[in-house]
Amino acid sequence: MSALPEHISIWGELADVDHEVRHVDVGGVRTRVLRAGSGPDLILLHGTGGHLEAYARDLAGLAADFRVTAYDMVGHGWSDLPDRPYTIDVLSEHLLGLMDALGIESAHLSGESLGGWVVAWTAAHHPERVERLVLNTPGNIADKPEVMVRMRESTLAAVRDPSDETVRRRVEFLFHHKEMVTDELVNLRRAVYSRPGFLQAITNTLVLQDPEVRKDFAWRPAWVGRVTAPTLLLWTDHDPTGGLDEAELLLGWLPDARLHVIADAGHWPQWEKKDEFLRAHHDFLLLGKDPV
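Start counting the sequence shown at 1; every next residue gets the next number (the UniProt record's numbering).
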């Protein structure tokens with residue numbers, strides 16, 4: 001008999017995990033939330049055009065140590081899609097509103113890509129709400145125009161034509177090991193991208209790839225230096241959105257930061273290198289140790 005694959009499905013990852021999925025009203029925005037586990041609060045934020053299933057492979061492991069909350073940011077996944085620009089301050093306000101709605105005074109925050117940008121901004125402007133911080137492949141710290149163009153064009157192409165081919169190409173962009181991209185993951189994102197009104201919603205998110213809009217929120221020492229929470233920079237050696245030179249920028253700007261590089265992974269180490277991702281969170285958030 002052949003062995004079962006390591007990853008069967010998103011449902012398979014959650015099959016033996018007590019959890020709830022529900023929608024929470026956050027200032028009039030119907031927000032999809034998944035919660036599991038008990039312990040210190042840990043909130044997970046996905047990236048541009050993403051959804052909470054980005055963390056499907058990690059929820060069981062994290063729920064053993066934390067009360068985990070993963071959610072679809074406003075304008076993403078199956079949360080509401082109000083027609084307004086989803087700039088970093090708007091996404092941060094939505095996060096804080098969700099924390100209020102769930103009765104979370106302060107929490108560990110871990111954000112991937114766009115989510116990393118949002119949690120860093122939140123930690124800088126609302127330090128009392130943040131315990132420890134993980135910035136997971138936050139991407140394009142240096143505001144490189146070619147990275148913005150690639151992100152904008154590949155995402156818009158997939159939403160305008162949510163076929164298997166275009167969406168698969170967009171999801172594969174996130175992976176170093178593209179063979180790990182499953183039909184389930186592609187079809188889930190095709191379903192999100194096919195929602196009525198999602199083209200306008202993704203346009204409202206991609207304003208952040210416009211240099212004029214971006215300059216008001218771009219990574220800069222002036223605000224990054226206000227992040228007092230101990231911070232883990234979780235980088236990879238094959239991230240298509242930013243190299244280790246950009247991690248070095250953040251190390252110079254953040255008052256209390258350390259870097260951990262996950263080898264042989266792309267923009268989604270939480271999927272490609274689950275065990276190392278979980279170990280880094282356990283050591284840094286729970287034990288207060290730098291990952292090794």
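There's no promise every hint is true.
25 angstroms max Cα-Cα, derived SDA-like pairs, lysine to any residue [claimed, not checked]: (1) 274 with 128; (2) 215 with 248; (3) 289 with 7; (4) 274 with 215; (5) 289 with 178; (6) 178 with 7.
Think of the hints as simulated: they come from the structure by calculation, not from any bench.
(message) For a quick check of understanding: which of the numbered hints are violated here, in increasing order?
(response) 1, 3, 4, 5
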